[in-house]
Every structure is written in C-alpha cells, then in structure tokens.
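Required output: the full structure, derived from the provided sequences and hints.
First to last, the protein sequences are chains A and B.
Number 287 marks the last residue of the first sequence (our numbering); no jumps.
Number 107 marks the last residue of the second sequence (our numbering); no jumps.
None of these hints come from the bench; they were simulated from the model.
Any given hint might turn out to be false.
[Unchecked claim] With a straight-line Cα cutoff of 27 Å, these simulated DSSO-like cross-link-like pairs (lysine-lysine) come out: (1) B:Lys94 <-> B:Lys104; (2) B:Lys2 <-> A:Lys89; (3) B:Lys61 <-> B:Lys2; (4) A:Lys287 <-> A:Lys155; (5) A:Lys89 <-> B:Lys61; (6) B:Lys94 <-> B:Lys61.
[As the list claims (entries may be wrong)] Selected chain B positions facing chain A (Cβ under 7 Å, derived; list incomplete): (7) Gly48; (8) Val52; (9) Gln56; (10) Val59; (11) Gly72; (12) Ser76; (13) Ala78; (14) Ala81.
Keep in mind that this is a model prediction, so the values were computed, not measured.
Just so it is clear, CB atoms sit at the ideal spot from N, CA and C, and this is done for glycine as well.
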Amino acid sequence: MQIAVASGKGGTGKTTIATSLAQSLAGLANVRYVDCDVEAPNGHLFLKPEFTEITPAVIRIPQIQTEKCTACGRCVEVCEFHALAQVGKNILVFPQLCHGCGSCTWNCPENAIIEVPNPIGTIERGMAVEDIEFFRGLLTISEPMSTPIIRQLKKMMHPQPNTINIYDAPPGASCSVVETLRGVDFALLVTEPTPFGLHDLKQMLGILRDMNIPSGVVINRDGIGDDSLKDILRESNIPILLRVPFDRTLAENLAAGRTLVDVYPKYRDILRELYQKVTEIVGGKAK
Amino acid sequence: MKLIISAQNSSLESQVDRRFGRCAWLILFDTETHQWEAFENPGVSQSGGAGVAAAQFVVDKGAEVVLSGDFGPNASRAFQAANIGMQRFTDSTKTVQEAVNQFKYVK
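In structure tokens, the structure reads:
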C-alpha cells in the first residue's frame, strides 16, 4: 500500500498524521515512512531515526565537449528549461535550471555532450522508533529543484507485500507534490477548517482528480474556523476520515518532539481504523 | 549602437519594465539611425529560465548594451560571456525614450 499524506496549505499537520499513522501501523505490517518534504524535512524530529545509509542525490547535467561541438545550437533549441544558451561559438550551461532530462544529449548531432553528476542533496535511510524504516530526501540549501530528489527517493520504494509506504508530502500544490503523489494508491489530505486550508485543499482535490487518485480528509484543529469545508467535501464526495480537535496540550507536546499517539495512545486504534477504511476505498488495487 | 530596453509596452512612450527576464517587451533601439522595433519577450511566458530565454534573444538580436532595472545571475552570466554591456535605469527613468536619452556609452 502506498499512501501519500498531503495538504496544500503548510502547517496543517501532515507530519503529525503521517508519523502517528506510521507508528500505529508498525505492528501490523512493515512500515516505511518517506519524508518527501526535501526542502524542510521534519519527520525525523518525531520518529528519531538513526541514519545508517546516506547517498548523494544527483541530477545529470550536460557538459559540452568543445572540441566536438560545432555550435549548431540544437541543444539550446531543444532545452525546455533554458538551461543552455549560445553565445557565438560557446554553449553556456546553467546547472540550476537543468532538470536533467537528457534532451540536449539525445539531440546533439555531434555527440558532443556528456552528462556529469551534479549533486543537489542527499537521500538518507535508517531505522526509527517501533522498527519503522525511515527514508528522507534532503535538498542542499541554495539548490532550487526538489523534484529530482523526490523522484530518486521514490525509485527506492519498490512496492512489496505486507509493506505500507507512507509518503509525507511537501506543502503546496506544485511539481514536488505531484511527484510525491505519482503512483500512490491513496492520498490522505490533512486540512484545517480555515479559509486558507480550504483554498489549498480545493487545489489538491483538482490535482487528485486529474491524477485519478482516491482521497480522504483529516480535519486537524477541528473546532476552529468555519463550516465551508464541509460543503466542499460533500460536493466532491470526499469522505472525512478523521477529526483531530484543536488542543493546546497536543500542540505543546508536538513542539517538544512527541507524536500524536505518544500523547494520546487512543489514536493508535483510531488510525488503524482509518487505515482499514483506506484499504476498503482502494480495494484490491493496492500496490 | 544597438540597445535593448525592457519595457511594459511596445512603444518609445511605454513605461520601462524594471524586471529583465519577465518584462513584457524588449525594445531594440539603434542610436545611430534612431530606428527602433519592439519584440515580445520570449522569456515572459516561460515557467522557468526566463532570464536566460530573454538574454538569448538579446544576444541573437546583436545588441551591444542592454538596459533594465536589474539583471539576475543567469542573464548576467550570459551577457558577460557575450560581452554585452548591462546598464541599470536610474530611479527617475520612466519611459523607454527617457532610458534612451539617459544612455551614455561607457566602454
């Protein structure tokens, strides 16, 4: 089973739910928690992994072999991302714009382009509390592109029997979130009943509709804000799977690195029930 | 000498655009003949790499100096490689015509 925990708006409680869901399911199956928020991963603060494997995350960027290059400009023309420019007989490479797609190399009629690895971050793996296998990507500060790390991270997560992969998504509704969602069986959307939460949730629902991924909602900080959320969910036929009331004690404990189920053990059963509902929604198609 | 000025619209009376990569129009002005032509900036519609796309356009048009509010790191690198001068508008520069009038060639 592949579950992504996403939200749209930041700070709604993705990691609160994802880490506690991982703990709750840890006794039932092999659980892998995968922190895809590579610009600011924070799952480690709660699940306290010991990282034993650290591998570089790279994208392959072009290097022009000047002795072979005839300055025909084909590479510049095919680069969708403007990572190449031509000035006279020189081809300039802008590594931070390169998505590593390989079009320039493929299209070069002179075979004058080789690809060299450009490190943009790391992928880290280790065991966390309750035998949770913990993975995270970490983007190097000043690197602008998080999607290639998420892609590399997810390549390591081959679906396996009796294994639940929980992907903690980045906030927002852009490429990095889409990359996290790609191929998952279910998206658990954590939101809060505020206009901001609702606004971003609508974007997420649109993305999930396009990607044909079933979803359900967790309302965090229930009791604040307003009721407009319910109307939207009713219209889109998205189930509310859990409500976590607004609670100062919980907030204080989270700030101290404790998880929802550490603070309130009753949520273990509640989250297992939630998972049960997810498996019913996904049916026999789970990977 | 051929100048390119970043502008919000397509005439000499247009307001300048202080952004380079994301400006709407690029105005090519020849200081010898006073002939000019306006081009839509190919960078404006790009999701990324706008500065490089706009800079490539300036390079391909054979401009010698480019005038804008500021230049990002990628565009600057392209202009340096192409030996194209970069000049910033002054605080008082409002229209393309004013930018042209204020332009002084510094080697």
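Against the structure, the hints:
For a cut-off of 27 Å, the pair hint linking Lys94 (chain B) to Lys104 (chain B) stands: about 17 Å separates their Cα positions. Taken as a hint, the Lys2 (chain B) and Lys89 (chain A) pair is honoured in the structure, with Cα atoms around 21 Å apart against an allowance of 27 Å. A threshold of 27 Å between alpha carbons decides the hint, and for Lys61 (chain B) with Lys2 (chain B) the separation of about 9 Å falls inside it, so the pair holds. Among the hinted pairs, Lys287 (chain A) with Lys155 (chain A) is consistent with the structure: their alpha-carbon atoms are about 14 Å apart, no more than 27 Å.
Taken as a hint, the Lys89 (chain A) and Lys61 (chain B) pair is honoured in the structure, with Cα atoms around 16 Å apart against an allowance of 27 Å. Among the hinted pairs, Lys94 (chain B) with Lys61 (chain B) is consistent with the structure: their alpha-carbon atoms are about 24 Å apart, no more than 27 Å. Interface restraint check for Gly48 (chain B): the shortest CB-CB distance to chain A comes to about 6 Å, inside 7 Å, so the restraint holds. For Val52 (chain B), the interface hint holds, since its Cβ comes within 7 Å of a Cβ in chain A; the closest pair sits about 4 Å apart.
Residue-level restraint check for Gln56 (chain B) holds (minimum Cβ-Cβ distance to chain A is 5 Å; threshold 7 Å). Satisfaction of the interface hint for Val59 (chain B) is found here, the shortest Cβ-Cβ separation to chain A being roughly 6 Å, below the 7 Å cut-off. With a cut of 7 Å, the hint placing Gly72 (chain B) at the interface with chain A is violated, because the nearest CB-to-CB distance is about 11 Å. Look at Ser76 (chain B): its Cβ only gets to about 11 Å from chain A, farther than 7 Å, so that hint breaks.
Hint status for Ala78 (chain B): holds, given a least beta-carbon distance of 5 Å to chain A, under 7 Å. For Ala81 (chain B), the interface hint holds, since its Cβ comes within 7 Å of a Cβ in chain A; the closest pair sits about 5 Å apart.
Checked against the numbered hints above, the structure breaks hints 11, 12 and satisfies the rest.
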